[in-house]
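Chemist: Here's the letter readout for the chains.
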Amino acid sequence: GENVEQHPSTLSVQEGDSAVIKCTYSDSASNYFPWYKQELGKGPQLIIDIRSNVGEKKDQRIAVTLNKTAKHFSLHITETQPEDSAVYFCAADGGTSYGKLTFGQGTILTVHP
Amino acid sequence: DAGITQSPRHKVTETGTPVTLRCHQTENHRYMYWYRQDPGHGLRLIHYSYGVKDTDKGEVSDGYSVSRSKTEDFLLTLESATSSQTSVYFCAISDGQGGEKLFFGSGTQLSVL
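As given, the protein sequences belong to chains A and B, one line each in that order.
When we follow this note's numbering, the leftmost residue of the first sequence carries the number 67, and every step to the right adds one.
When we follow this note's numbering, the leftmost residue of the second sequence carries the number 49, and every step to the right adds one.
Please keep in mind that the hints were generated in silico from the structure rather than gathered at the bench.
Everything numeric in this text was worked out from a predicted model, so none of it was measured.
Cβ coordinates follow ideal geometry from the N, Cα and C atoms, glycine included.
None of the hints are false.
A few chain B residues that face chain A, going by a derived Cβ cut-off under 7 Å, partial list only:
no.	residue
1	Tyr81
2	Gly88
3	Leu91
4	Tyr98
5	Phe138
6	Ser142
7	Glu148
8	Ser154
9	Gly155
Computed list of lysine-lysine pairs in DSS-like fashion (alpha-carbon distance at most 30 Å, straight line):
no.	chain 1	residue 1	chain 2	residue 2
10	B	Lys59	B	Lys101
11	B	Lys105	A	Lys137
12	B	Lys105	A	Lys88
Based on the sequences and whatever the hints tell you, model everything.
Modeler: Below, the structure written as structure tokens:
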């Protein structure tokens, strides 16, 4: 089955800096790579996703890049704000259908004012 | 959280007792999932459903069973709870159209003593 590794496990940045979180996956059949943000006491919320036929996708201050050859994808957050502080999870679908996602271990992002 | 209600939000139980967690959705989505979240493991799929009375196992299904008698309800049962099942349980739904965008509930914190 699919295996997703996520790094770093914790990331501390100053407000206004950029943050980058990286994930690698094992199954070349994976086609869908979402990123979720989880705030304390809440469920994960989808913030951006990318499919295997696209190399990069942006949505305001966040972007995701995908390198299928190397089997890794990354989340980039620019101009970080304190409200970006949360746990971020990457995931991959392993080529399966219907939401059977394999998640990374999570990254605790702290943005200091 | 996208019309998803999990109950109870918190539960403390003793080893060996049966426990049922409920997920109720108002979105009329076809696909429903149960994930567990543990430190260092991200989220792991327990069971999922692709329609009424249609369910299948996920990555960590041992010790769990599910039922879905109505579109809106998906039940997760621990027949005889063990301490290793202490976790936060999340229900998720998907409309299955390209199907992977999951929307999560707020979670149930379960402690097995």
